[in-house]
Amino acid sequence: METLLDIRGLSVGFGTSRGRVKALRDVSFPVRKGRIVGIVGESGSGKSTVLWSILGLLAGNAKVTGGEIGFEGGDLLQLDAAGLRAARGEKISVVFQDPMTSQIPVLPYVRQMADILYRRKGMSAKDKRDKAVDMLRRVGIPDPETRIDAYPHEFSGGMRQRAGIAMSMLTGPNLLLADEPTTALDVTMEAQIIGLMRQLQSEFDTTIVVVSHNLGLIAELCDDVVVLYAGEVVETGAVRDIFHNARHPYTRALLECDPARIEDVSRKLPVIAGDIPDLTGALAGCIYAGRCQRAMPDCHALAPPVVHRGSGIARCHLLEGPLADPDWPPPMEVPTVPREAGTPVPARPRTVQPPLLEVRDLNVRFQTMGPVRARLNGVKDPFVDAVLDVSLSVRPGETVGLVGESGSGKTTLGRAILNLLKIDRGSVHFDGRETSAMAERQFKPLRRDMAMMFQDPIGSLSPRKSVRALITEPLTIHGISGVDIDAEAERLADMVRLPHAFLARYPHELSGGQARRVGVARALALNPRLIIADEPTAGLDVSVQGEILNLMADLQAEHGLSYLVITHNLPVVRHIADRIAIMYLGRIVENGPTADIFANPAHPYTRALVEGVPKPDPDRRRPEAAAIGGEVPSLIRRPPGCDFAARCPFVQDACRTAKPPHVQITPDHGHACLFPLKQANQTTETT
Amino acid sequence: MDVRRETARRERRDKLMRFLTNWQGMTGLVLVILFIASAVFAPWIAPYDPNAMNIPARMSPPGWDHFAGTDQLGRDTFSRILHGGRIALMIAAIGVSASLVIGLALGMVAGYGPRWLDNLLLMIFDAVRSFPTIILALATVALTGPSLGVVLAIVIITTIPSYARVARTATLALRNTEFILAERALGASTLRIMWHHVMPNVMGPLLILAAMEVPVVVTIEAGLSFLGLGVRPPQASWGTILNEGYLVIRDAPWMVVAGGIPLILTTLGFTFLGEALRDIFDPRMGRGR
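Protein sequence lines correspond, in order, to chains C and X. Using the working numbering, you'd call the opening residue of the first sequence number -8 and step up by one each time. Using the working numbering, you'd call the opening residue of the second sequence number 12 and step up by one each time.
These are calculated hints, taken from the structure and not from any lab test. The reader is advised that the hints may include incorrect statements.
No more than 27 Å apart at the CA atoms, straight line, and that leaves these computed lysine-lysine pairs for DSS-like [claimed, not checked]:
(1) Lys54(C) <-> Lys26(X)
(2) Lys371(C) <-> Lys650(C)
(3) Lys413(C) <-> Lys650(C)
(4) Lys650(C) <-> Lys259(C)
(5) Lys82(C) <-> Lys122(C)
(6) Lys26(X) <-> Lys259(C)
Use the sequences and the hints to build the structure in full.
Take a look at the structure:
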């Protein structure tokens, strides 16, 4: 098959105050015409640097120190500015990660798309418009003739990404680069975008290079895979070879650490210990040796051989040469990454204890306009219901997962429980006491028992405070006297396994995983009984997210903590939660024991979510039709009937008229659907 | 293990190096030090008593006896400039720090407090800013009579809004960040959040603004003294030296020149220093230049 893009020996360095960071070293891989190639790697692996090298759009302090990028018979690295400009957009185009920031907010799409065609001098404005409308229709934007005059802010997130793909395909490029195209999107949108990209690829016969850290996306979308680690290609191959017969220990470890691939439910997830090495110093031997589960003494000194196989290469001593191990790689079922001998599933006795946290019929409303404006515009009720009639309970020592897409109100609910937002109706009981009506002064003592971990690990730490000050701050705030603050700081650091040297650092000097540990330490400082964790693994690499979840599980076992975990990440929640509540548009549509929810979802939305997660297995790709269409509607236009009716594949007329009541199938398992997928034998109405 | 701590230290050292190799910053720093030192040590450096009259040597041109000549009363202009610098320094130090503190406090209250308070404070800031400084000073002096205290008060009142505005904008940007929410979730009081978590993050740009405001303040003082609204004769100030020189500019032009040079140098010094600091510490500015 013809090679469209051929990267050979690419080396890129970044000049920094610490010296030259060798971000890419001798990166070589071909991209064959008409294939979808996935570049996968954790943060710091240099996957985006490869992308920007192809386009010649590296940062000012970057320097290409060697190699070539062959494209259509020439070398992209040798092109002058005019030559690069001619290639960009016309022959090579990009889909960006965040459509919000990569589209011009002050111009309508028609103008932005016509501007992309600026080189076509012969085309009239009308032809350009027609071409743009046609492209928007092909990416699945309804009613493109009128929507093309809209501005980016008038589109929803998924629509915007569709428009972004339309813009990149407009010139009919030979090569399409996609930088984490679904990371900013929800699960159901992700499935739609994957389907769209595959469909466009076959329609236009474009070659696509996708950069992602998401193994599920890579498995569903790609034909070939390149695995990058710390700026080196460690393995390449066809997607099935990579996922079923990974030969490099790093690839193996990545696959084994992905919670979506771990079938047995377990509180302990495997992790890759250690950090990416410092790329400024002299590098010798195998770059992965420092973290490798199978490292041998010689690995640190000798450069690994490049071992070929049918569909790619792998760089490892285990495969060839004097250090080769004939038993490597073991079959996929045999784990190679050491896993803490965790109890598989702690069979928790069905406690009859009263719940620690009980939320009943909670409502949170946000005002959309002032009373005067509402009166002028004739709006009777200028509010939206961000949280609507939510009931939820957390028992002592239990982990409850609150799952939903963006805009489902899950974060709002978490904040309302902590009295950070005003509650409109309903009640919150903590340890038997009604807390929703309390003034801050009454509530403050309760904050010792309820802690929160915020979504952004670094952004939730005050930037000008040292780690020591940050983790002891809860003690100061609550006036805990009679303890040695320094000793306390060290005790907490030990508890979250943070080396003491870090106590003197500032948040911007921490990595995501370390900052998350500080967040956990802050939450633990006052020995709380309940921790509300908002996306505890967001923004963390696969290998690090296991560490944080294991830490949370250990602390729970030790201190009998209860967790309310707010997340959109179903594969993770499946491993850590005892019970799950699924939220859609501010309403809980289903709740029940984790295993039950995954095995027998009652609500169609739950099923769409469970099936919507891309499987990190190329043999289990879903048919395109499986993805539910549409998007989460705006809260302002909440449908009168079931909120999910517009997207539901099983919708019936009755769904559109009234909100379905909450129904219990079993004492534990409830849903809000008129025509549930799982009919209970003993359906009992409770509302 | 300590790679990152090392990098933090190196980053700091790197910033210092960038400052030391920045010609603008270094020129500014030297001028500022010169200004402060000359003012502080004026009684020891000055060759003459600034108010000692020497009628026979009146209006003498610059020479070995008098570096910058003498005025119409025979007072040594160089000594008067040095002593005038003391007034300028005092006004600058007190005026800038007082308006910085008040502006910071008001700005944070406006940014963090309720909407109505924000609107009220903004209205007051705008009202103060809309007053022409000199007219305000003229009106005040007409009521109270000229004095250094009035100059100081005028300087403080008219510069508060610029600090408050910057502090308010920075606070507004901070108030909805996750770390402020995290502090609230911990139960931190509003006062604690403002003092420990908002102020350190607002302070940086404000200090740079203060460095740039110093020459403005010095000029206001000189301007008011020039108009006879500031310090009273015979006390020396750069403004009064200019004023006296202006009266005899046809016979002794060097007095105006000698009175103007320190003003120019101080303005240049603080502006250069402020710009260099901003380029280095404010990452949003000066990138890609």
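Consistency of the hints with the structure:
A C-alpha spacing of about 23 Å is found between Lys54(C) and Lys26(X), which places the hinted pair at or below 27 Å, so the restraint holds. Straight-line distance between C-alpha atoms of Lys371(C) and Lys650(C) comes to about 21 Å, which keeps the hinted pair within the 27 Å bound. Our distance criterion of 27 Å between C-alpha atoms is met by Lys413(C) and Lys650(C), whose separation comes to about 24 Å. Taken as a hint, the Lys650(C) and Lys259(C) pair is broken in the structure, with Cα atoms around 39 Å apart against an allowance of 27 Å.
For the given pair, Lys82(C) sits about 17 Å from Lys122(C) by alpha-carbon distance, which is consistent with the 27 Å threshold. Between the alpha carbons of Lys26(X) and Lys259(C) the distance comes to roughly 44 Å, so the proposed pair goes past 27 Å and is violated.
Checked against the numbered hints above, the structure breaks hints 4, 6 and satisfies the rest.
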